[in-house]
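A.B. asks: Build out the structure end to end from the sequences listed, making use of the hints.
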Amino acid sequence: MIKFILGRLAYLIPTFIGITIVAFGFVRILPGDPVLLMAGERGMTPEHYQDMMQRLGFDRPIWAQYLEYLWKLLHGDFGNSIVTKQPVLSDFLALFPATLELAICAIVIAMLVGVPVGVLAALKRGSWFDQVTMTVALIGYSMPIFWWGLLLIILFSGVLGWTPVSGRISLLYYFPAPTGFMLIDSLLSGQKGAFSSAASHLVLPSIVLATIPLAVIARQTRSAMLEVLGEDYVRTARAKGLSPGRVVGVHALRNAMIPVITTIGLQVGVLMAGAILTESIFSWPGIGKWMVDSISRRDYPVVQSGLLLIAGIVMIVNLVVDLLYGLINPRIRHR
Amino acid sequence: MAVMTQAPAPGTRRQMLAEFWFYFRANRGALYGLYFFIALVLVALLAPLLAPHDPILQDRTALLTPPFWQEGGTTAYLLGTDAVGRDILSRLIFGARYSLFIGVVVVSISLIGGIVLGLVAGFFGGWIDMVIMRVMDVILAFPSLLLALVLVAVLGPGLTNAMIAIAIVSQPHFARLTRASVLGEKNREYVMAARVAGAGRMRLMFRTILPNCLAPLIVQATLSFSGAILDAAALGFLGMGAQPPTPEWGTMLAEAREFILRAWWVVTLPGLAILVTVLAINLMGDGLRDALDPKLKRS
Amino acid sequence: MKLRTALLAASAAMAMLAGGVQAKTLVYCSEGSPEGFDPAPYTAGTTFDASARTIYSRLVEFAPGSTSIQPGLADSWTISPDGLEYTFKLHPGVKFQTTDYFTPTRTMNADDVIFSFDRQGNAKNPFNQYVPGVSYEYFTSMGLDKTIKSIEKGDDRTVKFTLSAPNAPFLADLGMDFASIVSKEYADKLMADGKAADFNNQPIGTGPFTFVAYQKDAVIRYKANPDYFGAKPKIDDLVFAITTDAAVRAQKLRAGECQVMPYPAPADIESLKSDPNLTVMEQAGLNVAYLAYNTLQKPFDDVRVRKALNMAIDKKAIIDAVFQGTGVVAKNPIPPTMWSYNDAVPEDTYDPEAAKKILADAGVKDLHMKIWAMPVQRPYMPNARRTAELMQADLAKVGVTAEIVSYEWGEYLKKSTAMDRDGAVILGWTGDNGDPDNFMNVLLSCQSAGEGGSNRAHWCNKDFSDLLSKAAETSDVAERTKLYEQAQVIFHDQAPWLAIDHSTVFMPMSKKVSGYVMNPLGTHAFDKVDIAE
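Protein chains in written order, with my numbering: chain V, 4 to 338; chain D, 24 to 322; chain P, 80 to 612.
Because the hints were derived from the structure by calculation, they are not lab data. Computed from a predicted model, the values in this text were never measured in an experiment. Hints should not be assumed to be uniformly reliable.
[Claimed, not checked] Estimated spans, in silico, between C-beta atoms of each pair:
1. P/Gly404 / V/Thr182: 34 to 40 Å
2. P/Thr428 / V/Ser93: 22 to 28 Å
3. D/Thr84 / P/Val455: 25 to 31 Å
4. V/Gly10 / P/Val291: 49 to 55 Å
5. P/Ala439 / D/Ala99: 40 to 46 Å
[What the hints assert, rightly or not] Here chain V is said to cover these stretches of chain D; the calculated rule only asks that three of the stretch's residues, wherever they fall, bring their Cβ under 8 Å from a Cβ of chain V:
6. 102-109
7. 150-161
8. 173-186
9. 285-294
Yeah, the Cβ is synthetic: ideal placement off N, Cα and C, and Gly gets one too.
C.D. replies: This is how it looks when you write it as C-alpha cells:
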C-alpha cells in the first residue's frame, strides 16, 4: 500500500512542475501590462514606467523571474497582488471558504438526489420513472448553467420574489466569521433568522452548480447498478432467496459505489469550472469570480498563483480519490 | 462487436454498419437527436435563405419588440428584437452556423491532435509516453474553463481563439483514450502478424491499430462536440468568445443580460437554442455509445 | 415574498432588541471592490469612495456638489504674494478614529500632515514602501513630486508648504483623495509591530465614518464616527454591498436590498425612473470624450483636413445611439459645468457637403484612415466600438474610408501615445480636481505631447501652451478664466480633436433617502445623507 501511495506521489512531482510552468508561462505571455492599466488614461512618463517595472521585478529575464517564483513558492510565498497589494495567499484564503461552501452544498445535493435516483432507475429499468429521470438527467447534463442561473433568478427572485438576488447573507446581519462558512457562522452567531437568510442566499447558486454533477452522478449510478445487478454473485444471492432489499442494499450498492466515487472525485474540476460561471452570475464572492476579474485586470501574481492553487487542489482531490479507490478495490494497486 | 475484437475483413464493413444502425435505431432518443441535428445542419446551411432579416441589421424603430404572440409584438419579428432592434429569429438561425462550426473545428483539432499524441505515446512507450502523458496530466489538472479563459486572454478574445483554446483543453481526453486503446491492441495477434509481415511504423499505427480504437473515440467526439458548444457559449457569456455583433448564442446571452427582467425573450431564446442543440447531440452520443459498446448491449 | 418578509421582520425585531432604538443603516450597492483602504497608492474612484470619502478627510475639501474649495482639516490658509508658500492653520482637537485595532493617544497635528505627503514623495521615508511594490501614481501624475519643494512644521497646528514654482491648481490638488491625512502615530505603531501592511487593511482616519469590517469582494461596513470634527453623519451604519453587475444592482435597489446605487446601465434608466419608489438624480459629468487626430501624421497635420472631418461627423447621432440621448454634445475640451467654459465658441455644424468641399480644396482624395476604438466601457464612453461604427458610416459619406482597430486596454493606452501612431484615437478624461488645468494642460499642452504623454493628438501649439502656463501661475480666478477662454478659442480654430460628448451621470436611489448631493467629480459621499424609516 505504501509503495502504491509513493508511486502516485512520484507522478505528482513532474505534473506539479509542469503546472508551475504553465501558470507562470501563460500568464507572462498575456498581452497587456498591469502597470499601464494602473495609470489608465493619464499615462506615465517612460522613466516612471521603467521604475515601476523594476519595482515589480518585471524587467529581469523571464527565466530568472521563474526561478525566483519557484524559490518563493517553496517558502510559501505566493506573491502579492498588483492591484490590492495583498499577499495572494491571504486573498485566496479569504475567498476560498465561499467557493468551498458553495461547492460542498452542490456536491451534497448532487449525491443526495443523484444516487437514489440512479439506483431506483436501475432497479426499475425501462419504467416511466427510469425514462423520465434519465431524460431529465440528460437535459441537466446538456444545460448551459449560466443561462440556467439567469432563468432561476428571473423566476425565483424576479417573478416570485422568494430568494434574494445576490450575495451570501442579508446585510442586516453582521457577526464574526470564524470558519468562513456562512451557514456555520450564522448558526454560531446565535442571531435569529441569520441561518435562514444565509440558506436562502445559498439555495439558487448551489442548485445551479449542482445541476451537471447531479446529472452525471445519476446516470453513472444507474449504469453501475445495472452492471452489478447483472453479475453472477448478485444473481446467486437472489437465487438463494435473500430479500431484494438486502441484495440491493448490501451487495449491489456497495460494489456499484466504487465507480460512482471516482465519478464524484472527477466532478471537482467540473465544479471549479462551474464556480467561475455561477459566481459571476450570482455575484458570489469566491475564487471563480476573483480569477475572472484578475485575468481582465492583468494581475499577474494573482492569476499565476491562483491557477497554481486551484490546480493543486484539483490534483490533491484526485489523488485522494485515487487512493480511496485503491483502498476499496485492491486489484488496482497491482496494475 | 467485431470492431473491438479483431481486424475486420473489408467485406464485413457493410454488415457492421447495418448492425450499428439496427442498434442505434433501437434508441428512440438517439433517433430524435439525429433528426434534430440534421435539421439544424440544414438550417445552418440555408441560413441566408431562411432568415427573414439580416442578423446584424439594426432597426432603430423597433427596439426590444416582444415575440409576435405577445402584446406589442409584430409578425415582422416573429421572436422579437433585441436592444438595438436586431431580429432575434434571424440571429438564432445564423447562430446555428457558429455553434456547429465551433463544434466541428474544435472536435477536428482535438481529435487529430489527441489521436496523434495518443498513438505516439502508446506505440512507442518509454520516455516519449512519459513526457506526453505528463503534459496531458498538467492540462487536465486545470479546470477546463479556467484554462480556456487564460488561453483566450493570452491569444486575445475572439471566436477563433476561443475555439483554439477549447480544442487545447479538450484534446487530452482523446490522447488518453487513444493511448489506452493502443496499449490494449498493441500486442494482439493481428498486430503482431502485420508487424511480422513487414508493415512500417506509420502503417502499423494508422492503418492497423487506429481503426480498431475508433469506437470510444467516436463516442468521446460527440461528447466533445456538445462540450465545445457549451464552453464556447460560456466564453462568449464571459465576454471572451465571439465578439458582438456576431450572432453567437453565448455572446447574445451576454449582451442580453442587462435586460433579464425587462425582456425575457432576449435572455431565454438563445439559451434554449444552446440547450436543445447540446441535448440533441448528447442524445446521439448516448445512442452511439449503446450501439458501439458491446458490453451494454449484452445486458 | 413570504420568506423575505419573515426575514425582515426577524431582523427588525433583532435590531430593536439590540439597540432599543432602531439604528439607521444605509446600504449602498457599490460597483466594485476597493483595491485597498489607503487612498494614496490608488487611482480608482471605486477605491476612493470606500476609503477617502468615508474614513478620511483632507486639509481642504470640495464643497458638496461643487468644485470650489472649502476648509477641511485646515481652518484657514494664507498664500504668500509670490504664490510659493502655502501656510495652513489646522483645526484644533481633531481626533483620529478609535477602533478595536487602534486607540489614538494624541490629536491630529502637523506631523500627521507632513507624514501624509512625505511618505508619497520621499523614497527615503521608512513608510514609502510599506508594502513591497507600492507606488503613488496620483501624487506623481499630478506633478506634486516636482511641485512641492518642502513641507515644514510651524507649530502643532501650523504647516507650511513651499512650492518650486507658483501653481494655481495646488490648493485643489490638496482636496483630492490621495491627499487624505493619515495618522503618523498609527503608522509608527504598525511599523514597530512589524505589521505595516495592515495600514492598507485596517484604516484609521479623521473622516465621518469609522471602518468596521471588509469581507473581500462582498461587503464593507462602517459606523458613524462619534469623534468626527464636522457635522455628525445622520445615519448610524453605512454598508457597501459590492455588486459588480449593473443589472443586478438595479434589481437589488428595486428589491430594497440597497438604497443607493451608482452607474446604472443606460438601458435601465427609463424603468428606474418610472419606479414609484425610486428617484433618479442626474448631473452633467465632469468629463469629455474625444477623437484625437495624430497631428504629426499626414494629412492630419493640415488643420483644414481636421476641420473637415469634424464637420463630417454627426455627434448628435452618437449621443442618441450610444448614450440613449443622455449626454451633451461637446465643442470645448472642458465640460460646460466647469468654470471658464467658453460658451461663445461656435459649434462645428454637421455639414457633410461643406466637409467634402474643404477636403477637395485641401487636395485630399480617397483618404483612408484608422479609427481606434477602446475595448472597455468608461464613464465618458459606454460603447466606443458603436461610436466608431457611426463615425465610419458618416465618414463614408464624404468619401473617407475608415477602418476600426482595437487593442487590449493596456496595449491601447500605450500604443495610442506613440508619435507615429496611425489614425485617430477615441479616448476621454474625467476631471480630478475641477480645475481647467487638469483637462487642458494634461490633454493638450506641449508638455504632455510626445511618446508616453497623455496628449494623444501630439498637438503642440505654442500660443495655447503659453496661455495655460500663464494661467497656472496666476492665482486670480477672473484672470485665469480669461486665459482659459482664449485657449479654448485656439483649440476650436486648430481642431486637434473632435470633442465628442460630455456624458450625464445618473444616481438612482430610494425615495427614503434624503440629503444626497451628487458630486461633479464623480465621488460618492454619504456623510450628509439621511434615511427615513
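A.B. asks: For every hint, state whether the structure bears it out.
C.D. replies: Outcome of the hint check:
1. P/Gly404 / V/Thr182: 34 to 40 Å: violated, 51 Å
2. P/Thr428 / V/Ser93: 22 to 28 Å: violated, 58 Å
3. D/Thr84 / P/Val455: 25 to 31 Å: holds, 30 Å
4. V/Gly10 / P/Val291: 49 to 55 Å: Because 52 Å falls inside the window, the suggested range holds.
5. P/Ala439 / D/Ala99: 40 to 46 Å: holds, 42 Å
6. 102-109: violated (count 0)
7. 150-161: holds (count 4)
8. 173-186: holds (count 5)
9. 285-294: holds (count 5)
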